[in-house]
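Trainee: Chains as they are written, first to last, in my numbering: chain A, 3 to 434; chain B, 3 to 434.
In short, the hints are calculated from the structure, not lab data. It cannot be assumed that every hint is accurate.
Just so you know, same-sequence chains aren't split out, so a pair can sit in one copy or run between any two.
[Claimed, not checked] When the alpha-carbon atoms are kept at most 25 Å apart in a straight line, the in silico DMTMM-like pairs for lysine to aspartate or glutamate are as follows: (1) K258 - D350; (2) K383 - D120; (3) K198 - E415; (4) K25 - E36; (5) K377 - D410; (6) K380 - D219; (7) K201 - D399; (8) K247 - E324; (9) K380 - E36; (10) K103 - E387; (11) K239 - E210; (12) K25 - D15; (13) K198 - E210; (14) K103 - D163; (15) K25 - E158; (16) K103 - E415; (17) K198 - D82; (18) K198 - D120.
Please read all numbers here as calculations on a predicted model, not as lab measurements.
2 protein chains.
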Amino acid sequence: MGQAAQAPSGTRDFLADELRRRKSAIAAVSEVFERYGFDPLETPAFERLEVVTGKYGEEASSLLFKILRRGVHEAGGQADLALRYDHTVPLARVIGTHGSKLPSPFKRYAIGPVWRADRPQEGRFREFVQCDVDTVGSHSPLADAEVVYAVADALEALGVDDFRFLVNSREALRGLLEVYGVGAESGEGVLAALDKLDKIGGDAVVAELAQRGVATDTAEGIVADIAADSPDRIRAKLEANPRGKQGLADIDQLLKLAGGLGGRVVFAPRMVRGLDYYTGAIWEVEAAGYPGAVAAGGRYDRLVAALGGPDVPAVGGSVGIERILAMRETTAEDGQGLDVALTALGGDESGMLRLAHDLRRCGLRVGTYLGSSTKLAKQLKWAHEQQARLAVIRGADEQAAGEVTVRDMASGEQHRVPDEGAAAYVERLLGR
Amino acid sequence: MGQAAQAPSGTRDFLADELRRRKSAIAAVSEVFERYGFDPLETPAFERLEVVTGKYGEEASSLLFKILRRGVHEAGGQADLALRYDHTVPLARVIGTHGSKLPSPFKRYAIGPVWRADRPQEGRFREFVQCDVDTVGSHSPLADAEVVYAVADALEALGVDDFRFLVNSREALRGLLEVYGVGAESGEGVLAALDKLDKIGGDAVVAELAQRGVATDTAEGIVADIAADSPDRIRAKLEANPRGKQGLADIDQLLKLAGGLGGRVVFAPRMVRGLDYYTGAIWEVEAAGYPGAVAAGGRYDRLVAALGGPDVPAVGGSVGIERILAMRETTAEDGQGLDVALTALGGDESGMLRLAHDLRRCGLRVGTYLGSSTKLAKQLKWAHEQQARLAVIRGADEQAAGEVTVRDMASGEQHRVPDEGAAAYVERLLGR
């Protein structure tokens with residue numbers, strides 16, 4: 003049927019095995035967040051265009067899926083809605099919409115698809131699940147630590163055990179720039195350049211800083227300090243800088259409060275998050291065997307207001323659930339087999355359906371042969387393909403006697419039991 | 003913040019309590035379908051526009067949410083994608099895309115949002131969940147009966163117990179028209195008119211049939227036969243009509259195979275489904291206390307091909323989960339309370355977070371006070387609002403002694419226990 007038969011570019015059909023794996027991962031993470039007292043939130047798949055316009059910067063705006071106005075307005079070619087690009091702008095909008103109805107602080111998690119018209123490539127999709135946890139309305143450093151603990155537990159629930167939180171602070175980084183005499187006006191551009199250190203290397207970053215008007219020796223000094231990734235070196239540099247000291251205090255408080263995670267939370271001066279809305283401690287999680295970060299977050303006290311919500315402090319994190327699931331795709335996992343396969347050999351089948359009904363009510367997964375063959379061998383082959391543990395056979399003989407044959411598919415052992423006792427017999431065999 | 007602060011027209015933000023109720027309903031229905039051996043399927047939120055174009059008829063097409071082309075193409079004002087309007091067209095597309103990888107018959111369920119730009123009104127939304135279960139690739143009447151059983155169990159899982167399946171057949175209805183000499187060419191229009199009987203009354207239906215070229219006495223005869231809702235009367239009329247007799251046989255087979263549901267499955271000549279793609283037995287479920295149908299379905303052997311998939315038989319049903327959830331909205335339901343509320347009274351809080359971490363790992367829902375007050379009374383008020391069963395208090399006294407106070411929030415009874423035994427003590431108190 004050609005291209006039209008495919009799912010749209012950058013999207014996926016999730017068939018049974020993979021979908022069950024995804025659902026179970028999402029359930030595991032949800033359960034962790036629930037234990038931390040976070041409440042679920044689900045917003046519509048799309049928002050009014052004016053809610054998202056100007057919120058993501060120019061590049062991201064071009065990645066919005068915009069929805070045409072409908073009815074007589076369709077011909078105008080104008081959009082009035084856009085698919086959800088992340089869970090953060092909807093969160094800010096919800097706080098504006100439902101503010102008085104929400105608890106304060108508002109602790110919520112959101113796990114669901116977002117849509118971005120990125121160029122599709124290996125491992126990057128246009129429809130993918132984001133998994134966010136945020137506390138809005140608390141200045142308490144306990145809120146920061148709680149998010150870190152929750153993300154750590156979520157990663158473990160996803161089977162990621164060998165990980166490290168790399169902690170830094172925007173204030174510490176800005177303080178370092180002040181020490182070098184780099185003013186706030188060029189600060190964001192400079193931080194964005196420093197964020198590329200691991201990608202493009204120190205020399206290229208120095209060159210980019212020079213382009214932004216930073217003297218070469220200054221740029222080299224900053225890059226050397228960051229690249230050294232030495233907390234002691236940074237602490238020494240920031241000793242006399244109030245802003246830097248505040249940043250260090252934020253980092254130290256988070257390290258102390260997250261002490262229960264042991265050496266898995268460390269100060270990493272080299273870690274610079276690209277986004278410019280963070281205000282306090284920030285972190286990324288690196289995990290053995292995973293490229294890039296498997297989670298990231300931090301405090302962003304001015305973001306909700308900037309996104310059109312009220313002026314409230316906030317701290318949050320995001321778990322890279324797609325990235326983690328992608329690493330698992332190669333793992334062979336068993337499909338969902340049947341507990342009981344019922345044959346259909348003609349005659350009155352209503353009794354078989356009643357038996358099926360009884361067994362399903364007891365929680366068993368039961369399938370009925372729905373093909374066109376009336377041959378037992380073929381139907382048993384089907385039962386085998388369904389990975390059925392038991393098959394129930396009711397041919398002419400059994401029907402005449404008011405019985406069924408129950409067959410253990412692994413051993414081939416089988417017994418005839420009366421119709422009325424069949425459900426109880428099967429349940430007993432399967433340990434129900 | 004004006005209209006921009008609201009969710010888009012016809013959509014809803016689901017806050018914690020309602021969302022938990024929805025998730026638990028969806029989980030209950032999914033579990034039922036799994037027991038029947040149906041596999042989950044999730045398709046993208048949108049399809050290529052050409053996949054959906056022409057599939058829904060003219061009226062429905064105007065209800066599609068169409069997505070603008072992106073990047074340099076955006077200015078052209080053309081759409082290339084459309085949000086999912088139902089789960090049936092994506093199912094047909096998936097069978098085309100993944101045919102060889104799918105089991106045959108392909109038994110799948112799909113529970114997820116669909117989007118229709120209907121005029122929003124009380125109880126009708128532009129984003130709502132559809133809950134479909136279908137078997138594609140089987141001619142067996144067992145497949146029809148299995149769907150009926152599965153839908154019945156799903157309704158019970160949703161708390162709907164007092165229901166009846168009203169069964170009819172398109173072939174029986176077409177046979178009746180033949181008996182009256184109404185040809186196939188006007189058949190669909192006539193059936194669509196008969197479908198309005200309960201809404202507009204017999205006289206109006208007769209008038210509409212007359213407009214469609216049916217003689218008045220013929221129209222009156224047909225309407226009288228349908229309105230009587232008497233299986234015997236219809237059986238007598240169809241005695242000599244082969245098409246009608248085939249329809250009756252389909253109905254009788256389904257009634258017999260679904261016998262385990264007792265009197266909850268009945269032949270209802272008055273039940274005419276509006277959609278014209280059904281080919282075999284069709285049914286609707288009426289339930290005490292619910293307006294309209296709470297579920298509907300039937301056999302539609304030509305639909306998958308008509309929707310662009312291969313030519314395979316199919317049978318399915320849809321549960322009106324939104325309608326059922328809406329009737330429950332008025333039910334007061336408890337929010338999700340905390341098992342343990344931890345106070346934050348200053349000093350070193352890292353021990354409290356470790357305790358929280360230990361308790362959460364044991365599956366308890368634990369919240370930490372994140373507000374700005376340092377007063378115990380205020381923090382206990384918060385614990386009470388969180389419906390916490392226990393509060394753990396660690397003030398200056400306790401910290402000096404290396405202990406915590408554990409307070410039963412209902413009785414007010416409290417005891418001090420050493421830090422290191424606190425987790426075990428709390429778990430014991432809560433029966434873990």
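Trainee: What are the numbers of the hints the structure violates, in ascending order?
Mentor: When the structure is compared with the hints, numbers 2, 3, 6, 7, 8, 14, 16 and 17 turn out to be violated.
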